[in-house]
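Trainee: Based on the provided sequences and hints, a complete structural model is requested.
2 protein chains.
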Amino acid sequence: MSENGSLRRGRPGYDQQGILEVAVAAFNQYGYDATSMGVLADRLGLSKSAIYHHFASKDEILERALDDALGALEGVLSEADAAGGRAADRVDHVLRGAVRVLVAKLSSVTLLLRVRGNTEVERRALARRRAFDKAVTALVEEAQAEGTLRSDIDASVVARLTFGMINSIVEWYRPGGREDADKLADDVIAVALDGLRMPTSNRVDELLG
Amino acid sequence: MSENGSLRRGRPGYDQQGILEVAVAAFNQYGYDATSMGVLADRLGLSKSAIYHHFASKDEILERALDDALGALEGVLSEADAAGGRAADRVDHVLRGAVRVLVAKLSSVTLLLRVRGNTEVERRALARRRAFDKAVTALVEEAQAEGTLRSDIDASVVARLTFGMINSIVEWYRPGGREDADKLADDVIAVALDGLRMPTSNRVDELLG
Chain A
1370 MSENGSLRRG RPGYDQQGIL EVAVAAFNQY GYDATSMGVL ADRLGLSKSA
1420 IYHHFASKDE ILERALDDAL GALEGVLSEA DAAGGRAADR VDHVLRGAVR
1470 VLVAKLSSVT LLLRVRGNTE VERRALARRR AFDKAVTALV EEAQAEGTLR
1520 SDIDASVVAR LTFGMINSIV EWYRPGGRED ADKLADDVIA VALDGLRMPT
1570 SNRVDELLG
Chain B
1370 MSENGSLRRG RPGYDQQGIL EVAVAAFNQY GYDATSMGVL ADRLGLSKSA
1420 IYHHFASKDE ILERALDDAL GALEGVLSEA DAAGGRAADR VDHVLRGAVR
1470 VLVAKLSSVT LLLRVRGNTE VERRALARRR AFDKAVTALV EEAQAEGTLR
1520 SDIDASVVAR LTFGMINSIV EWYRPGGRED ADKLADDVIA VALDGLRMPT
1570 SNRVDELLG
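Chains as they are written, first to last, in the numbering used here: chain A, 1370 to 1578; chain B, 1370 to 1578.
What the hints contain is simulated information worked out from the structure, not anything from laboratory work.
Certain hints may be false.
All copies of an identical chain are treated as equivalent in the list; a pair is satisfied when it fits inside any one copy or across any two copies.
Stated by the list, open to error - Below, simulated DSBU-like cross-link-like pairs (lysine-lysine); rule was C-alpha separation at most 30 Å, straight line:
1) K1427 to K1417
2) K1503 to K1552
3) K1503 to K1474
A quick note: this is a predicted structure, and the numbers were derived from the prediction, not measured.
Mentor: Set out below in structure tokens:
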């Protein structure tokens, strides 16, 4: 919950951000369709009208949560573009950044990954996800063309497999566990970019001929 | 549907396997809870009693479908164990085998991955999934100990990330697409074991010192 008193318009205890967090947790637990404004009001200990003071509709709560996750992921792409340099380094930046966003915004990213396009808000979110995937695929193609990433795998398959690995983290990651976001990002980079096989096992033999 | 006439006990057109396939597709589309025996009967163009001729309950259909997926995955592990040799090669065998099972049994694996433990049948399936994950983690640990897989990543994180990547394939893979199971298995092995980065980009520099 925000410490900023000026954001508090409802009852003490829940500002807009606080309501959003409880709502996203409920959507993830029961499903968006199964979570009515009445259920949310019960969970918050607020009246429905107190929630409507902050959000025009349940759809608006969903939109805000999805925008939170998508905006952060799109920010990672923009940072990578702004940093310039080799495409392989920008791929590294995007993968690490995506892991950090996932850990920092675990609930809203979880919600985003479950969106199936049942409403207009969901369809807009899916369109932004597709644009993100397309940008990642283009970045991988660039790295393949510059010769820094292997080109024997289709770039869109590379994007899908690496983001499949990253997105699967929501299934098991719990804050406060053994791995923090940076270690987890290192692990993902280690697997995706350098691979698990020890170079000494047969890679060096091949490389040294 | 099976060609074997002796399996056909219901109306012409659907043997037990045929009913199972239609049921699994419906469970994946609408959710297990939302798919009643009445809905299934409508979809099959059969009476409910014709379905009960083959399956004692909806739960039994689910159990058969989950057993189909789990049995195939467990078979991959047994084959790897039976083959012996270096643990890294057995990891390779398990990852490739899991991709092939996923492609061959896309619907039942998709169903398995959505199981949340709401019923006794689901809880038994989750217990088998956990045992499978544990066996994969043990295999990775063995490969780390023999020095063939890198040991700077926790073995259980390795198992989660690689199977996260493999399992994500159900989200986008469609039979008859550009990639067949063998190419997809090659791609997964290429990413997970050897990594995307071209050795010439900076790996060889490091290796050759």
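Trainee: Would you mind marking each hint as holding or not holding in the structure?
Mentor: Hints versus structure:
no. : hint           : result
1   : K1427 to K1417 : within (11 Å within a copy, 38 Å between copies)
2   : K1503 to K1552 : both (27 Å within a copy, 22 Å between copies)
3   : K1503 to K1474 : both (22 Å within a copy, 28 Å between copies)
Every hint from the earlier list agrees with this structure, and none is contradicted.
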